[in-house]
Every structure is written in C-alpha cells, then in structure tokens.
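K.L.:
Construct all of the structure, not just a fragment, from the sequences and the given hints.
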Amino acid sequence: MMDVCGVDSAEGLFAHLPEAARLRRPLDLPVGISEYEIVDYFRRRAAENANGYASFLGAGAYNHFRPVLVDAVASRGEFLTSYTPYQAEISQGTLTAIFEFQTMICQLTGMDVANASMYDGSTAVPEAVMMAARLTGKGRALIAKSVHPEYRETLRTYAKNQGMLVEEFGYAPEAGTIDLDDLDRRMDGATAAVVVQSPNFFGIVDQVKAAGEIAHRRGALLILIFTEAVSLGILDPPAEPDIVAGELQSFAISPSYGGPFAGIIATREKYMRQMPGRLVGQTTDSRGNRAFCLTLSTREQHIRRERATSNICTNQALIALMATVFMTVYGKQGLRELAVQNLAKAHYLAARLKPRFSAHFFNEFVVRLEGRSPEQANKLLLKKKIIGGLPLAGFYPELSDCMLLCATEMSRCADMDALSEVLS
Amino acid sequence: MISKVRTHPSQNEALLFERSSPGKKAYQLPDLDVPPVDPSDALGAGNVRAEIPDFPEVSEVEAIRHFTRLSTWNYAIDHGMYPLGSCTMKYNPRVNELVARTEGLAWAHPYQPQALAQGCMEIMARLERTLAEISGMDAVTLQPAAGAHGELTGILLIRALLEKRGDPRKKILVPDSAHGTNPATAAIAGYAVENIRSNGAGLLDVGALERSVTADVAALMVTNPNTLGVFEENIARAAEILHAKGALLYMDGANMNALVGIARPGDFGVDALHLNLHKTFSTPHGGGGPGAGPVAVKKALEPFLPVPRLKRSGKQWAWDYKRKRSIGRVRAFYGSFGVLVRALAYILAHGGPGLRNATVDAVLNANYIRKRLEPYYDLPYPSPSMHEVVFSDARQEPNGVRTGDIAKRLIDYGFHPYTVSFPMIVHGALMIEPTETEGTAELDAFIDAMISIAKEVETDPHFVKGAPYTTRTSRVDEVAAARKPVLRWKPR
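Protein sequences, first through last, are from chains A and B. When the letters of the first sequence are read in order and numbered with the working numbering, they come out as residues 1 to 424. When the letters of the second sequence are read in order and numbered with the working numbering, they come out as residues 1 to 492.
FYI, nobody ran anything at the bench for these hints, they're computed from the structure. A couple of the hints might just be wrong.
Derived pair list, reagent style DSBU-like, types lysine-lysine, alpha-carbon separation capped at 30 Å [claimed, not checked]:
no.	chain 1	residue 1	chain 2	residue 2
1	B	298	A	160
2	B	315	A	379
3	A	160	B	299
4	B	311	A	383
5	B	4	B	484
6	B	299	B	311
7	A	160	B	315
8	A	160	B	311
9	B	171	B	298
10	B	4	A	160
11	A	384	B	315
12	B	322	B	298
13	A	270	B	311
14	B	311	A	379
15	A	160	B	164
16	B	455	B	465
17	B	24	A	384
18	B	311	B	24
19	B	324	B	171
20	A	160	B	322
21	A	383	B	170
22	B	245	B	324
23	A	270	B	484
24	A	384	A	354
25	A	145	B	324
26	B	315	A	385
27	A	383	A	354
28	A	160	B	324
29	B	311	A	209
30	B	322	A	379
31	B	311	B	322
32	B	4	B	371
33	B	298	B	311
34	B	490	B	455
35	B	322	A	145
36	A	385	B	311
37	B	164	B	311
38	B	245	A	160
P.N.:
Written out as structure tokens, the structure reads:
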C-alpha cells in the first residue's frame, strides 16, 4: 500500500506537515491493554460506586425496570453501528423506528408533531424557548421555580447570549404548585413563553391549565416540561401547551450517572417549521412503496447554516430507539399499569411520612424533617444500605430542612418501611 | 461484476400501530407489595387520562420480530465500510458496550453521595487528562452532549474571556468550507457570522484572514485538517494573526482522526477545540447519536468552563460548584457518561502507541484510495490528503451523471455512499474517509466498485442515474415528503 502511495514509510505520509506542528514524542499514555484488563478496569471502578443500595433518588433521573428487549434490540449491529439515515434506501429500519417514535410521543403528549430527539430534557428547554421566541418575535421567558433547577440553569446559559430575558416565578408555599398570582403579576405583552413543569421538581401535578390561560391572554406560548416520562402513562395530557419538551430517560436507560439521555420536543402542527432537530416524514418510492425519509431539512444547520432553527446535528437516536422498544413492550395497558404502580409505591411511602406540600403528586414528594437534618438522616440510611432522598438545601435554601423522595415500581416495601422508620 | 452483495429476501413489516390488537401485551410487572391506589384519588379526577389513543398493543414475539425486521433494512458498520468523509465511521468495539453496562456504573445516580460515586468520577477524571494530553491543551470539560454542543460551549467560553477583557466583540469568522454546525453555533452564541473564502488550494487564505481580523472579531472557527482532508499549513500563522488582534482560534475537532499522536492542536495555536467521541474515539453512531463533544481549552479559558468541575479533595474526587467565572451549565448533570465510558475503553485498548498507529493507518488508507481512484475521478486540489480525500464529479458531469447518482449506484455495489456535495467549495464533491478500520480487502472492493461505476458512467449513464436497483426501496420522493409533511401515523 505504501508503494501505491509513493512513500517509504509512515513518516512519508506526514512529511508535508509544518515541523513546528509535529508531536515529536510519544503520547504520554500507557500502552494498550487486553480485553480482560479493560473489563477489569471498569469492574473495579464500578466497585468504587454504590452497589446493592436501595435508592430513593429521582430529581430528573429515575430507576425503572427495563424490559430485556430494549437492550436486545439496541445491541443489534444494524441499529447500534448505523449512521444518521440520510441515505433513505439503506436506512429504512432507523427511519421507520423514528417515525413510530414520533407518533408515540404525539399519542402520549397529545401534540401533533414530535421530533426525533434532543440531547436531553435540560437542553430541550432552551430549544423550546428559542422556538417560542422565533414564533412570537418576543424576547422574554417566564419560568417556574418548580422547574428542575439544572434545567433552569441550562436555559440561563443559552438565553444570555440570545438577548433573551429570563425571569422566574414562585411556587405556592403550602400547595407546592406554581404561584399563579406571582405569574400573573410578572406576565406582560413582551413575553414569548411561560415555562412550567408537571409533575414539577417536587413531584407535584401542577396547574398547567391556569398557567396556559395566563400565558395565552398576553400572547405568550405555554411550554410544558416533564422529567418523569412514566407520568405520561396516567396523567391526562393538558390541551393548553403549545410546546411540550421533556426527558425520556425513564423509558430508555438506567440513570448512568446522568447520561446519555434523550430529550423530546413536540408541538402543534402550525409550529412545525420552527422546530429544531431532525424530523422523519412519510413518502413513497418510485414503485409506490411507502417509505420514510428525513424531511423539512431546510430548518437545519446543514442547509440553513447560521439561519438554522438550531445547531443540533447528532442527537440521541439510539436512546430514542430504546425508548421506542420500551414503549412497545409496555404498550397501551402496560404504561398505565406501570404509572399506577409508581403511584401506589410513592403514596404508600408518603402515608408513613409527612409530605411538605399539599397538592397531588405522582412518584416524588418532598418531606420536611424534624429533629435531624436531611444530611444526617441520609447518613443513618446509608448504614442500612439505603440512599435517601435529595436534600434540597443546595437548590432551595428555603427548603433546607427538606428532602425530595422518589419511589418507583422498583422500590421494595421493606426498604420503604426502613426508610420511613429513620425519617419519622 | 458486482461481487460484494447478492439480493436476498428481506421481511416486510407494518408499523406497530397497524400490527396492534386490543389486549395483546409484551410486559410483565411484579405484583404490588403495597396497597393499590385509585389514580383519581391520588392525582385528582381531572388529571387522570383516558387510555392512550391507538398506542401499540403487541406480543413479545411480535415486538422482537418487528424491530429485528426493521434492523435488516439498515446498512451499518458491522456490514461494511462507510466511506463518509469527516464522519470517521470506524469499528465500534463491543467491549465498550459490555463495560458501559457494568451495573455499578450503569445504575449510578448523578445525585448519589459523592463518596459512593468515586468510580464514575475517576473515569471522568482519567478521560479529561487523556484528552488533554492527546489535544495538547490544559483543561477539558466532558459536559457537552455532541460536537455541535461542544462548539457552542467553546464559543461561549471565548465570549466569556473577551467579556472579562471588556468587549465580547461582534463577529465570528467561518471558512466557506466549514460544516454547517459552525455558523449555526456562532449565531446561537449571539455572534454575527462572516464567511472567509478559501484560497486557490482550498486552504485558509492568510491574506484574507489578515484583512478580516478586526477589533470586532472574536474568533475564527477552523477545522484542521480542513473539510478537504488537507492540513492547514498556515494554521500557526492564523493563530498569530488572531492573537495579535486579541481574537481567539477555535478548532472543530471533527477531523482529529488525522492528528492523534502526530500533531496536537494545542501546539499549533488553538485556544479551544471540541472532540467528537462518536468519531475519533469509536463510540457508536446509533443511527444518529448519542455522541459526546468534550471541549479542551488553554489555561486562559479554564476559569470559564461549565460547572461543576472535578477537583481533588484529599484522596477523593469531588464536584466543585464554586466557579464564579463559569459560563454556567450547558446541560443538567455531568455529561453523557455512558458515552465517556466507551471512549475511555477505546483509549485503554489502544494505548498511546496504538492511537498513533490508528492515525497512520487512517491516513494511509485514505491516500491508497486517492492514488487508485485518481485516474478515474477528478481531484480538484492537489494538496496532500490526510485521513480523507475529496474528488469532484467533473469528469462524469458531461455524461449527465452527478456525485449523488454515483453515490446511489455505489449502494448497489454493497457500500454506503460517501459524503455527497460537501464541502461546498468543491463543485459536485465526493468526500471519502475510510478510517483505519478497513483492511485491503474492503478498500479494494470499494475501489473496484468506484472504478466500475466510472466505466458505467461512460457506457450507460442513464442506468447509473436510476440507481439504486437492489434496495428495499428505490429513491424516495423527498420533495413530496417536504411539500406535504406527514410526520406521524394516524388511524384512518
């Protein structure tokens, strides 16, 4: 091969590089290791993490049983090692699965159109807000304090550079739902979007309808966020949102120390052309067969460049596929039963404790502790090999005596009993 | 003639919604070990949904057959080469898949006590150090979820530094050969985009750059090697020009597969760059992601990195949130950890010498293809190729055949097409990157296919224009798909 290339040695391939740019020493990295040693390296790292603990953490990353089929399908080389489906003739597998995914997200959220995925729920928020800004021509967003704190931080990072004003409105201190009076006071005609989460960060089913009315009255769009996809199996999708953005981790993948996850944006048909991200559409081939392809690409970076709706290119296709398999295995009845089991477990646990807020909740709730701090309680729980809830002091100083607990279908009665013993 | 593929029946399969039957199920949940609750009581009657309309109801065997049949309609790296330029479609090692699923890693919750997450943090710290060494930079963030996300992070870091100096400036310079994400990113970061034309050799025009770098320019975004696969010989000079005017140099690291172990961006003047773990570092494309886009920076930009940062606290790792000058978060949690695990596994497998060898093989493979296809396809720029080569369809165009047609005919020969019509500075581009994964058997099969197609263009151009012939679908009507978008299934 070197003969064909006309070089004597590998060095000949790089001879044309400026000498000053060349690295003239080996990389300061160890030599390669065998497959066994690689497996062992990661096994040892895993042993340095929590193993065999019962966990009551939620807060945007949830523990759910994953049907075996999810990995069986996602591990197929034809899905795992395939490229973005730009060449439709040899990508009908991926394209068909994405079309089904888009459909199922619409069915779950009650929206008309959904894209093929965003990076995660947190980045879907600024993308949705920027979409609302483009649609309304306005430059301000109002976001509830009860939206996941790290989602709000992510929005701020993006908004700063778009000249987008972001203001927060509070939550009702007893109920835990959004403070509608606060929202109403802050609302104005220059607001592009009102952003609420339901179930919110506290696990509470929020006042989406009322938020929508306030938003629409003043010409803003309503953006609804979700972090716990399992809630879609039982919660009635509100009619008010113009854009729904959320996190599908619960349907796809274990918490994985925070990623890779998959976000979603879904919206009304009239807003379709302002959506970011990839879209798969149905069409035909020259023989009249139904076929699928990427479409409305003029929104995207590879066509529109600086005028694109987003800079997103690679998204989370495989994670979305995993979510599609999950949704298929559970199906119409299963997603409901799964959600109802989550409700039962969380409400069993809550009955033994005193929820801090009075409004309805799904599978997460806030508890106020007396006598000891959340951090102290968690230390005791660790001795029982239980990871307790998230102490809220870091995110909500006014709730520094509280923790956020999550119970799912994976939570065992005995562990919930042990937890409530320590916390009460 | 075509020896790599033969047709074989592939199963038809309807959509899930068309296969569904009321009452079919594929799931099993354990019985509740707590009392059941009435959803209306727990959530409020108005909040409980009716059933999910038209949602799939299939059995387990129907589910596995559905997705298996769909999978057989795809091409994948596991089938054969992807000659896609700048995509670096190398083999996705299976050991990466195994280690990412190690229970203590896969089930780690991002908020679990830090003392019980030391394994995850060590993995991330090691990857940060390793990527810093490979890129010749001082600090790395693993937060960004993809290349474009990394680009945005990098430009925001530059903005933050310039703001601290008193003026964030207004413009970002982008070569006309750049990937579309570059100008899109600059716009989202709040900058105006100014295009810089490449010179006659398809490279950065130093004179044009000198004229363009004013006090309004924050940075130049450059890809090196560029999208022609050619090393930007004047990149160090470009860095000097920018730095002299207080501007910075951002490098799009999509083409790092040509540089690992050979040249380091930090050594030729780059201030910030992103890496694509799903390209250079073998993590699987999965049909369109997930990827990861770590950003590596010089010391001056380190204070602005996204929060939190890993820091050493005694004998342990800890997350440091006290970063006053940070640009903030670019996403929740810490990064696409599962992707980071896969990239580290790849790096451990290769080691320093192995990573360098991979680069050598990648560049050798691309040059082999270039030499053998030069007699048949027009090479618009004579500059030496690194890991990818760009031809044009100039010799085929007189017969009415364009790069897109050749690409479609290549499918009949058993290959995924190369990158069509990009970069835009080449009229009718064919952009080919084999990666180091391919041995001579696969390379020769690809070369023979391309030569055969070149001959078909001479003897029967009309036939080439109707390709592909042997796929499940012929060319699809993309125009109709966009004109009347149907983006979901609906019942009749």
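K.L.:
Tell me the hint numbers this structure goes against, listed in increasing order.
P.N.:
5, 7, 10, 13, 17, 18, 21, 29, 34
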